[in-house]
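All chains, please: the whole structure from these sequences, using the hints.
Chain by chain, the residues run as shown.
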Amino acid sequence: MELWYTEEHTPTVRFSIKIKEQLLSKKSPFQQIDVFDSEEFGRFFTLDGLMMVTEKDEFIYHDMIVHVPMATNPQIKKVLVIGGGDGGTVRELTRYKTIEHIDMVDIDQIVVDVCKKLLPFTSKKLSDKRVNLYFEDGLKFVRRFENEYDLIIVDSTDPFGPGEGLFTKEFYGNCFKALKKDGILVNQHENPYYESYSSAMRRAHKRIKEFFPICSVYQAHIPTYPSGHWLFGFASKKYDPIKDLDAEAWNALKLDTKYYNTDLHTGAFMLPNYVKKALEQVD
Amino acid sequence: MSEEKKLTQHTAPLLDALEAYRARRVVPFDVPGHKQGRGTPELTAFLGKQCLSVDVNSMKPLDNLSHPTSVIRDAETLAAEACGADAAFLMVGGTTSSVQAMIMSVCKRGDAIIIPRNVHKSAINALILCGITPIYVDPGTHPELGISLGMDAKNVEKTIAAHPEAKAVFMNNPTYYGVCPDVRRIVAAAHKAGMAALVDEAHGTHFYFGENLPCSAMSVGADMACISMHKTGGSLTQSSLLVMKKGRIDPEYVRTIINLTQTTSASYLLMSSIDIARKALATEGKETFRKVCDLAQYARDEINGIGDYYAFSKEIVNGRDVCDFDVTKLSIHTLKIGLAGVEVYDILRDDYGIQIEFGDMGNMLAIISVGDTHYNIERLVSSLSEIKRLHSKEGIALWDHEYVAPVVKLSPQDAFYAERRVVPLKDSVGEISSEFVMCYPPGIPILAPGELVTREALDYILYAKDKGSLLMGPQDMALENLGVVK
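In the order they appear, the protein sequences are chains A and B.
In terms of our numbering, the first sequence opens at residue 32 and continues consecutively.
In terms of our numbering, the second sequence opens at residue -3 and continues consecutively.
Hints are supplied without guarantee of correctness; some may be wrong.
[As the list claims (entries may be wrong)] Derived DSS-like pairs: lysine-lysine, alpha-carbon spacing no greater than 27 Å straight-line:
no.	chain 1	residue 1	chain 2	residue 2
1	B	K389	A	K240
2	B	K384	A	K240
3	B	K405	B	K104
4	A	K237	B	K384
5	A	K211	B	K389
6	B	K117	B	K405
7	A	K268	B	K384
Since the hints were derived computationally from the structure, they do not count as laboratory data.
Because the structure is a prediction, the values reported are computed rather than measured.
Laid out in structure tokens, this is it:
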């Protein structure tokens, strides 16, 4: 018998991975969690049937969501990660000795527990001394802070479930308030290709722009995400991600990265015309 | 059907009958003309085949609302039992129709009724239809919040003593904001004077089904009450329940009154939704409303934690015009952030995609019900926090008093049908209005037909207009002019 995992990227487009073994299937109060093992992508986990992280290609997402802001402002000391229950974002952040404090808030403790147990490749640094874990709604957590963080990373699910509140105007406004004067907000920004994702992307861009003077979008190629073409949002009160890129400082850190480099940093902000156009529609 | 299956709160006779109808695959040569949705593909695609297939007309197996003898009667029997009433009527014309049936069942032309000023316009409409005279009781106004309250029982007793000719006492339980009067005492006072006690429980459905909530009208012996099942009970919009105790009023007479104005093509979608909601409320209501109360309290604590907003609750109970408070109502006083309730209401809708029930001058109201989730509460709280950060002002003078005492010159019916002329609103002081003027929601009149336009009333109308409230009532939609009695 053959077992295949299938995600419907749209009602008429499917993406499938042959499964070696299902390692876990569990329903939390918030979502359905499944962990699989596969030939092509190694271990991977899904929430409500949607792909979150695979062992083989997670480095792309986590490199891009962390190193782009860190190379723009290497002085970042206090970071808030919203979502990111698999721990991959925190893992990359802990590689910076200069970061003093990392708060991670995920609504679902069961996701974090599952990842600690079955996805050690991403979760292994969640026990780092600088990391504080909170289990509550990110929208609620961020509300209470003012002028607190240098960097907020929104490593969320899509805006069609528990992550919905993390794509709202009130959330971005609260993030703006919680960031210091030179703070940076980076968020996973959906894909520009399929309409349902693309409209979420345009809405998010529009809302972030209402608060942040600097607001741009960059991209990466992520094989297991819908369309394979994924975007990230970069918003800041002060730093321009290209003009202020401190390549020298970042390269001096000698971090070994599999996807990110400082040339690619600049290149990632150079968007295809159809994406530029979609973003201009909301400008 | 009713003979075969034992009637319990775990059954829904109308639901069963409609499912049986669907299963029989009846060939329809009756109305409605869409014929189970086959003739209207766009409508069917939009609402769903399931829905259209039971949008049917009265027929023998499905009973008839104007003369119920089988499944509708069973549904009404169960509804009465669930509410601790002797009889119940499924209503399909909104709670407006319930309020009107209630008043018209006890008053006729020339009669008087004791009524709080903060009644819904549906009650005053009944007075116009029937030629009944209102005897208004000042419901009381909260000195800090500016909201109208629930009538002090002492004032009602005085009014009863001064107007022994009145046929009934009408009250809200609770008001839109969640304020409850001393229903038990007012009912007793009315009965002692030989008057009927009528209760508008449009916003109190859950009192019948939850725990630790204010007392319901039926539980303290009121004669009739109307319950907006659709508001907090989970049935479809426009469906409602009228419940009653036997004794002073005969249920068969009430049915006759209802049939005067009720449609003869009552919607089975509406009626079955009441039946299904009643079943859910009677069997799971305690748990449901416990969750609703918890959510509302959580929201209240978080909103009060933001600062300057005041989400009020039981602490306003004073034993006089606030005898209890419905904690499922998330009522928020906004004056301290320098914004009118209606302004926050507009910002929430336009900037944050959040629709709340209403905003008036100093307050706004979010309804928390069976369908709410923690996510949505977090969004509301975060948005309010943002609105304070981005929009709060200081030193804005806001109207601090909402009760405008009416001066009744003519009965509503006389004024409504009197010869009229139209004057500019700004020049209307001293005239007798032939029209309603109200902010909607909440739909409580500032002026009703037959009332003197006072300076105070006019100022309040102009202020509400300036703040962007939706003002309704007059034929002139822009409310530049007002119809007055010649």
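Against the structure, the hints come out as follows:
no.	hint	in the structure
1	B:K389 to A:K240	holds, 24 Å
2	B:K384 to A:K240	holds, 20 Å
3	B:K405 to B:K104	holds, 20 Å
4	A:K237 to B:K384	holds, 21 Å
5	A:K211 to B:K389	holds, 24 Å
6	B:K117 to B:K405	holds, 18 Å
7	A:K268 to B:K384	holds, 21 Å
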